[in-house]
Each structure stands twice: as structure tokens, then as C-alpha cells.
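Engineer: Take the given structure of chain Y and dock chain C to it, following the hints.
Chains Y and C are the protein sequences, given in the same order.
So in the working numbering, the last spot in the first sequence is 426, and the numbers never skip.
So in the working numbering, the last spot in the second sequence is 426, and the numbers never skip.
Since the hints were derived computationally from the structure, they do not count as laboratory data.
This structure is a prediction, so every number in the text was calculated from the model and none was measured.
Some hints could be false.
When the alpha-carbon atoms are kept at most 27 Å apart in a straight line, the in silico DSS-like pairs for lysine-lysine are as follows [said to hold, decoys possible]:
hint, chain 1, residue 1, chain 2, residue 2
1, C, Lys181, C, Lys224
2, C, Lys224, Y, Lys8
3, C, Lys181, Y, Lys64
4, Y, Lys181, Y, Lys254
Next come the chains, spelled out residue by residue.
Number of protein chains: 2
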Amino acid sequence: METLERRKLLLGPNLSTAYSCPVKIVRGSMQYLYDEVGTEYLDAYNNVAHVGHCHPRVVAAAQKQIGILNTNTRYLHDLILDFAEKLTATLPDPLSVCYFVNSGSEANELALRLARAHTNAIDLVVLDHAYHGNTTTMIDISPYKHDGPGGKGAPPWLHKVPLPDLYRGMYRDEDPDAAAKYAQHVIDAVRQLDGRLCGFICESLPSVGGQIVLPNGYLNRVYKAVREAGGVCIADEVQTGYGRIGTHFWGFEKYDVQPDVVVMGKPIGNGHPIGAVVTTPSIAASFDNGMEFFSTFGGNTVSGAVGLTVLDVVQEEKLQGHALDTGEQLIGDLHGLMNRHEIIGDVRGSGLFIGVELVTDRRTREPATSFADAVVNRMRDEHILFGTDGPFHNVLKIRPPMPFDSNNAERLVTTLDRVLSTFRVT
Amino acid sequence: METLERRKLLLGPNLSTAYSCPVKIVRGSMQYLYDEVGTEYLDAYNNVAHVGHCHPRVVAAAQKQIGILNTNTRYLHDLILDFAEKLTATLPDPLSVCYFVNSGSEANELALRLARAHTNAIDLVVLDHAYHGNTTTMIDISPYKHDGPGGKGAPPWLHKVPLPDLYRGMYRDEDPDAAAKYAQHVIDAVRQLDGRLCGFICESLPSVGGQIVLPNGYLNRVYKAVREAGGVCIADEVQTGYGRIGTHFWGFEKYDVQPDVVVMGKPIGNGHPIGAVVTTPSIAASFDNGMEFFSTFGGNTVSGAVGLTVLDVVQEEKLQGHALDTGEQLIGDLHGLMNRHEIIGDVRGSGLFIGVELVTDRRTREPATSFADAVVNRMRDEHILFGTDGPFHNVLKIRPPMPFDSNNAERLVTTLDRVLSTFRVT
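Pulled out of the complex, with its shape left as it was, chain Y reads as follows (with noise of 0.2 Å):
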């Protein structure tokens, strides 16, 4: 294939296309991509088109600004204090000041600055499997990177605790006191940092840890920990913000936790590059300490008209309701799928979040690897789009643009019904 062999040539070689025979896409709308020839894919895996492949409010929006002024918050401007008093008004007091950067790596680079600056120290603790971002300091903090293929390991002044999964982590769903004891890992290790620690950062749901929800009564005691030991609580909502994970506009809402810094990417802007960072002024004005934070692109006229546009068509089309709806309907009908197809283990996930853990044995759980591989890139020749993430790479992870909806999800667990089958009796 000729776009294939010039991009070998004139891209980075470490990165890779989605699916073994990758697809190319030359148009989108809504939960649909389309290929040169016309064909029409379902796609149930890009979140960063949150409101939709090209949404029309927000192509309008975009086009509108770009044509009468893109320029960076050095000078004053409405459209990002407009954004900023929208997005702020989504989240409990205090969480009142933002920061606005290019990416949700920018963001949680600058969410562990705000830390550090608050609490003059330096440690963390950050979930096993976790990703938050491919800078050097991010990859120090993502165990994912930095204990995967070409990783160096982690840096002294970071602590890993255990990914609390109860399908496949060290305490499980028929441990009635799992999350205590997850949780136990954190308040040992935080104690130990008495000084040293600036704070705890995790996934609302973790996501390439592979699609987990957190158990009930985790982060209430994690934060009250960290919080006794000094530590500034972070939720990363790059994944989770904005209403997908249904039962909430906020992933961090689903315990009742009220964290100290949020940060937000891939969703908020719908593809274009928008991170933010939102905190508390005692935390804001600890990071007021002499040295100016700036970004020549973030928070520009542009983003701010766009990110303004995204808040909107997410409450006024009410995107979280039907992801709740949508996802119940999902969620439901891939359990049912269990009763048919053995390779299932698990079925998990929140709103329009899910993952479908494959295991070729359920009792000792052991990953199904590659055939979770296989039936992505099945999935892709059935033209449904997906991938697989978690440490094993045998959950498909489903997280379509919000519009997907109740017919969208018959046709997903239909055609892996089919699919499934057909491996069956392969």
C-alpha cells in the first residue's frame, strides 16, 4: 500500500497503525468513519470525538474563529474565560481556577507541578499499569511506559501501589473487603513519605490498566490518607470526564471523592488539541510562586471557542443521560453474551466506558491474548472499530463517540456475537 510504505519511510517507526490491515480514513460524522472507497465503519473506540466525528456545532464554531482571530492569552479575549466559567461550573467548590494546555500529557505534567509547588516535595503514588502521558516525567509516573518494552523503570521518588481490579488484581470480587485492602497499600505506602509525598494521581477508571471501575470505598480512604500525609489529591479525567461514564458528568463523582487538581484532555476539545487543568486557589496560588506558567497555544481564541462549543452540545443534547442509556443496554447485552460464548471472563464498565475481558480458561482467568487481538481485527473487517488495552491486551476496550447509540450497540454485541462464533467452531 502506498500510504503505508511513505509513512515508513517519513514517520517515527515506534508508531504503530491500529489493526493488521490498517484502515485509512478520509471522512467522519458522528459515530462513523469512512474509507477511501466509501465504506462506512462504526466506531466504537475513538472517545476523543466525544460529541461526534466532525459535531456541526463545533466544525462551526472552529471555522468561525479560526477565520477572525487565533492568538494566545497574553492579551485578553472573552471566549476562554467563557469556557473556563463553563467548565468550572461543572465541578464542586473549589475547584475554581484553570489552566489550559495542548494535550492531557501538558496537563498532567502540569497537574504534578501544581503538586509539587503546593507541598514542596517531590514523591508520588501513582497505580500500577497506569498511563498519563509520553513526556519523560510522564513516563516516569506511568508504570504502562516505564515497566514496558523499552522502559527503564521507575525513578526513585515514585511509589506504585497495586491496580485495586477486582477481576484480575491481587484482591478479588469474592473478597468482600477488597477495597480496604487495596487501599491499605496506598495508606502504608503514603505513611512511609511522611515529608516527602506531593501527593497521589489516578484514572477515575483506569483505562489501558484495562477498562477497570474502581471498587466502592477505595478513594474515599485513599484520599483521606494522602490528604493526612500531606499529599494533593490528582484525578486524571482524560479518559473519564464530560459525561461517558454516564452516571456522572465527572469520573471522580462515581465515589464521591472530591479530588484537589483535574485533568482533562482528549475529550474536551473533540479532537482538537486541548488539555486543562483545573484546582483549587490555595493550590493555584501556591504555584504563584515567581515563576510565570504560559503556553504559546493553550487556551488560544480557537480552543477556547471550541472547548466553550464541546460543553455545550454535551448538556444541551443531554450526551451523559444517553450514555447511561446506551451503556446499561450494552453493558447488559454483552453480559448476555457471556452465557454463550465461555471466552468472556468479564464484562465491565460505566455509561459509555466498557471493557469485555477475554480469558480462554475462567477459572484460572489466564488472558486470551491473541484471541482478543484477532477478534478486534475481525471486528474491523465486520467494520465495527475497537481495540484492546489492560496489561494483557485481552480486553476490548469500548468507548465510541457519545452519539453511538441503541442501534449502534445491537449491531456491536450482534456482530461479536457472530464473530465469537465463528472462532468457535474454527
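Structural biologist: Below, chain C without anything else, positioned relative to chain Y:
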């Protein structure tokens, strides 16, 4: 001012505005910006709007692609490859492998990762007063930040060498061996880092350092020594690439050297958040060590369309030649002002990358810091925008959008002459 009050509530307090009386800009067109009441400002400062604010071709390309598809590099697409092909064609072989990210900070982050992966070493040599970005590691390598207010100094793996500033540095214009003497600091530094050196980074014309043109013969000696010590040579072209310096398309070409890694930011997206790194196949192969490099937004289809069009415009409108002509006139006329204004200690630059250093005493070269600040604010009142830079904030920084023309240059000089004269009599 209502906007300013809202901003104080909603945005981080360490994000400053330009000018003592901030400007509220609502529209931009080429080298002009407009405030709420329609006042036109001549923009002599915003190098990000490289081909001009809201350049119609860039606007059209962005508007078109935003309506068609905005998605990531996991799928194949031609636009990012067309951009990569056109971009690498401006660079000497073997600089042919591209990575796309979302800002100059992210690009410098990646450049450092490339150097470290290629050398399996950590230590870096950097120029004093340099600025390379706002993330934790970029602050580590930016003396401008870590030695400035709120900074905590350099990490042990960073080695700072003197900024080769012939006007204010430790070796000056009267010393014919200044270039060699400055280079010797790097040679000495890298010799002590045997086996530990990952590389050397500098802006091809240091910008926050004070709009410095490196002395002839400096970079050749430095690159040679760095390579002999096993290090990678990184050229930060975020401020200087894309024809701005007039004499050459890239800053490093001015010194007849060839870097191993080229870092790009600000101008390449004309305001759209794009950063890029180009390196050799050999370094790219070292980086391909099993760890994937992926940026959610980096190199997306809209960034591809914008990047490609900006480069088209730079070349087709012959902006490099235009910058050379306009810059020669402007630098010449600013030199002319030195006869009338003792306060001007030095005028330097190349093309439309210009610094005017203000001093209270030409003999001692005492920085006229508060005077420079007053000049910038007075010029803003005259509706001409630029800023200050340099370790003492006494260098007028002039780096307009590239369409800035001969008449604009004349107006800038005439106005500056009048402003400086006014100050003299008060």
C-alpha cells in the same frame, strides 16, 4: 475592567498579560490586530502567526479539513504524509523522520527522549538563559526558568555553558577569539562527560536570551566536540525556523552546521497547536526500542492540513526573501536610531528576528530595564505591539508576522524614534 476581573478569578494567577494596560484583541488580519472598539495595532511581536493572522489560505485549509475529518495517526491519512514530505524536503539529508506533537514544549521533550535513547546517556549541555518549554523536564533544561523566580536550580545531569552573547556575555565583540572561547566551555564540559553525555541543545538564535545571533565559528566547534563525545546535536528552531531569519530557511543553516535533531513549534501551525521533531533514521531506529510513541492529537488530520498549507504559503509567497529585505531595512534604520538615542546600546538580528538592547550607559552597558518596559508600553499606546526579553528584560524583541512590510518597518522606526525622544526630554 470586567474581563480582567473575570480572568483573575478563573485563570491561574501566574499567567500574566502583556502591557501594563492589557489589550483585549478580538480580531486579527495578517500583521494587524484589532481591539473591541476597532483600533488597529501593528503586530511586531507575534511570531506564532507566522504567515499572518488569519491568513486566508491557512484559514480555508483548516476550515475545510475540520469539516471533513479530525482524527489521529492510528489510521492512515495522506495529509500528514504530504506535510512530512514537504517539511523534510526543506532539511538536509539524512534529517528525514518526523514526529508530530502539539507544542514546542512537547517537541523539545521528545528531542531529549530521542537523544537519550540514541546515546543511552542522560547528561545534557545547554546554554545559559535558554528556554525550551514549560514541563518539568523542560524547566530542568531551561536556565531561564530554573534559575529565575520560583526556580529550584538545575538537576545534576544538566550542564550549563555561557550564552555566546557578544554584546553582554563574558567574551565580547572586541575579542576576535570570542567564538572559540565560548566554544571552549562546551568542549571542556563534554570532555568531562565521557559516556554520560546525551547531547547539546540550543536555539539557533537564542530568543529569551536576548535575541542573540551566535558568533561565527561557534556552533561548528561545538557540534564537533559534542559528536566526538558521543552526544547528539539538537537545534531548537521553535523561534527561528521557516524563513524568519531571512538569510536562511532554518537558523542552523546560518552557521553551516547540521544538527541531528531539529525541533519545531510556534510558526509551523500559524497558531494551530503543532510541534514537530525531525531526526535521522539512525536516531529514529534507536528510539524504536519497543516503547511506542503516540500523541493523541499530534499529526492529526487537521494539523496535517494546516501544517502543509502554512509551509506552502511560506514558500509560495517567498516570505523568507521578504523577511530578508524588510529585516535589512528595519535593522538598518534601527541602527540609524543609535545616532540619535544613546539609550540604544545594540541592534542585532537577522531578517525579522531582531533585538534592540537598551542601556543607560553605552560604556558599562548597564541594562535600561525599566526604561525598556516603559518603551514597550508607550509603543502599545501608539498601537505598535512588541515586547522585551533577555536576562535583564532590556532588549526590545521584534519578531512580527512575516507579512510585516517596508511601510510597517518605517512606521515602527519613526514611532520608536518619537517615543525615545519623548522620554529623553522628560
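Engineer: Taking only the CA atoms, is the gap from Lys181/Y to Lys254/Y under or equal to 27 Å?
Structural biologist: 20 Å, holds
Engineer: Decide if the proposed pair is consistent with the structure: Lys181/C and Lys224/C, CA atoms, cutoff 27 Å inclusive.
Structural biologist: 15 Å, holds
Engineer: Can you confirm whether the C-alpha distance between Lys181/C and Lys64/Y stays at or below 27 Å?
Structural biologist: 54 Å, violated
Engineer: Verify the proposed pairing of Lys224/C with Lys8/Y, using a straight-line Cα cut of 27 Å.
Structural biologist: Not OK: Lys224/C and Lys8/Y at ~30 Å, beyond 27 Å, violated.
Of the numbered hints listed earlier, those contradicted by the structure are 2, 3.
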